[in-house]
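**Student:** Take a look at the letters that make up each chain.
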Amino acid sequence: MAVRRKTAHEEWAARYGGGKRPPKEGATTISGVPLQPLYTPQDLAGWSYDEKLGYPGEFPYTRGVYPSMYRGQLWTIRQFAGYGTAEETNRRYKFLLSQGQAGLSVAFDMPTLMGYDSDDPISAGEVGHCGVAIDSLEDMETLFDGIRLDQITTSMTINSPAAILYAMYIAVGEKEGLSPAQLGGTLQNDILKEYIAQKEYIFPPEPSMRLVVDTIVFAARNMPRWNAVSISGYHIREAGSTAVQELAFTLADGMAYVEASIEAGLPVDEFAPRLSFFFDSHIDFFEEIAKFRAARRLWARIMRDKYGARDPKSWMLRFHTQTAGVSLTRQQVENNISRTAYEAMAAVLGGTNSLHTNSMDEVLALPTERAAQIALRTQQVLAHETGVTNTIDPLAGSYFLEQLTDEMERGAQQYFDRIDQQGGVLRCIESGFFQREIADAAFEFERKLEANERIIVGVNAYKEGEGAPVPTLKIGPETERGQVARLAALKARRDNTSARNRLEDLKRAARGRDNLMPPLLNCVKAYVTEGEIMAALKEVFGVYREPILF
Amino acid sequence: MPAQASTRKQAPETAKRWRVLTAKVGLDGHDRGVKVVSRALRDAGVEVIYAGLRQTPEMVVEAAIQEDVDAIGVSLHSGAHMTLIPRILELLKERNASDIVVFGGGIIPQDDADALKKMGVVEIFGPGTSLQAIIDFVNHGFKAA
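First to last, the sequence lines map onto chains F and L. My numbering numbers the first residue of the first sequence as 855 and each following residue consecutively. My numbering numbers the first residue of the second sequence as 441 and each following residue consecutively.
Don't read these hints as lab results, they were simulated from the structure. Just so you know, even glycine gets a beta-carbon here, dropped at the ideal spot from N, CA and C. Wrong hints could be hidden among the right ones.
Output of the computed footprint for chain L on chain F, the stretches with three or more beta carbons under 8 Å from beta carbons of chain L [unchecked claim]:
(1) 974-981
(2) 1154-1162
(3) 1308-1317
Construct the complete structure from the given sequences, taking the supplied hints into account.
**Tutor:** Below is the structure:
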């Protein structure tokens, strides 16, 4: 009787398990996806290159949205910055632009993000602390003073009041003599992930969705270089989700915006090419690369097959990436430089279109100029020294990576089904489904850390003493005092009758169904403040209260 | 640290069941940390009342007195800690409720944490603190290690 010879794979398996030291079992990604010690062609049985990958710049865009990727154009180095007053932030922007940065990314302070003016009692202690304070068009003019808006693109991280800041940016452009069509940039404006994760919601979901759709419609008709929404997984991940949850919830939000815009009467190919995405790049290197590749493939299929988009630009998922703030540690702060570098490389190997690298000290406070410069240089080293830009999607065909990319896709598809079964994204927000999934994942991560099943260098291994204190950026009380005084002077100087009338026009429009961008533009040009506009809209729309769960 | 994980939930039967109000103070919505800590304390036998997001110092102090808690745990990531935490201490004093312990966590630089402790905050837990350290802190009657 013939004895079947062991395959090479079986021989390896025997050697693997047969040594003196038993190999570690139960390895998973940081998100809990089980991992094999070795992947071989068997893991890709039935896998088709043409179906799964195709070519760069071609459906399903797994290998990247552009035919030449980084050989054609480097990703945009876009460092998120903003602190204190508009004047101080303007100086930081000019510095960043002089250092080779191509685009600006505005960080607003908490009162601005939550729709309060700097003189509101609830803003006490918050003005200028985690971003720049913007109350009116006057501050926005100062923020971009001396910067030609048609020479750069600007990303604005703002959500509930996004339409107002968008109107202010358009108005600043007009003062520079630029038409809206000449302005390029991105508004984060992703309200759904606010309810799900970052929690900077103000109005209830329905009127919030209307505001988002109004900006999408306005951009589609007037601003061909503008991304009205940056559909964001970053905050979902930072709130503790797994990679699959980040991928699934973000694309589910994207589908909700597509459906709302189609419902508003916009043909899909008129707005879909300007939808953009924003993901986290966490510390688990291969899982992140797989996530980015799966995101492109999923979105291309969804747009073509589910929504019938015909313009290939509608199929392309273009995205910004930020390295993971949650992966930074207070202990041994300098180690954060290397964490950020690995995360940045994962984003680039995953084909990101723009990138923010965190500064090592962001776990302590806003970054100092020195720390921000190291973060910028980290990207420049990656771009110009490591050689990663030379070959497109260089990890394609790896048994491991392709299997993991498929796994991400499968996991996301399962979540899409669960969300559909529960009545869609808005219903899942109201029931707390997303919030509970994320809280559970966050708790599970902490549990593993606590049990030493996961190691974080300096936190539960390789510990040292506290080490020398790192200098941090301080925002003094004079920032708030100065901002409040400027606001009082503006309110005394402007034409208050006109301001009141513009606000009344806005409220009338908000009660009806017209697009709110024109009345918002009239408000900001009359120097009505952000807080005044938001208060007027709250009168019409009401405010949201979330289900409390932990 | 995890080495003591086995002692969790094993506070002596006679030990007091502590009541803690947790809250996000200030305008930011970063609730990952406060939710994880609230759940860990609850699992360890502490009675936890999580007040939710955007609580003003007035709301926190009112709730703490109404709920008759032993301690308030506040979480801040917005940079407003040097305004809002001292205000909580001040309000507790005004209401003759300074026996309620105040501790906190979030993104709070070390020198600010030191200053807050001088004002009467019992402990500030920075990023990377183990859950067990916070559980031990509560179960030992809010004594800083």
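**Student:** Does each hint fit the structure? Answer for all of them.
**Tutor:** For each hint, the structure was consulted:
Counting residues of the stretch 974-981 of chain F whose C-beta sits closer than 8 Å to any C-beta of chain L gives 5, which meets the bar of three, so the coverage hint holds. With 0 residues having a beta carbon nearer than 8 Å to a beta carbon of chain L, the stretch 1154-1162 of chain F misses the requirement of three or more and the stated coverage is violated. Coverage of the stretch 1308-1317 of chain F by chain L holds [criterion: at least 3 residues with CB-CB distance below 8 Å; count 4].
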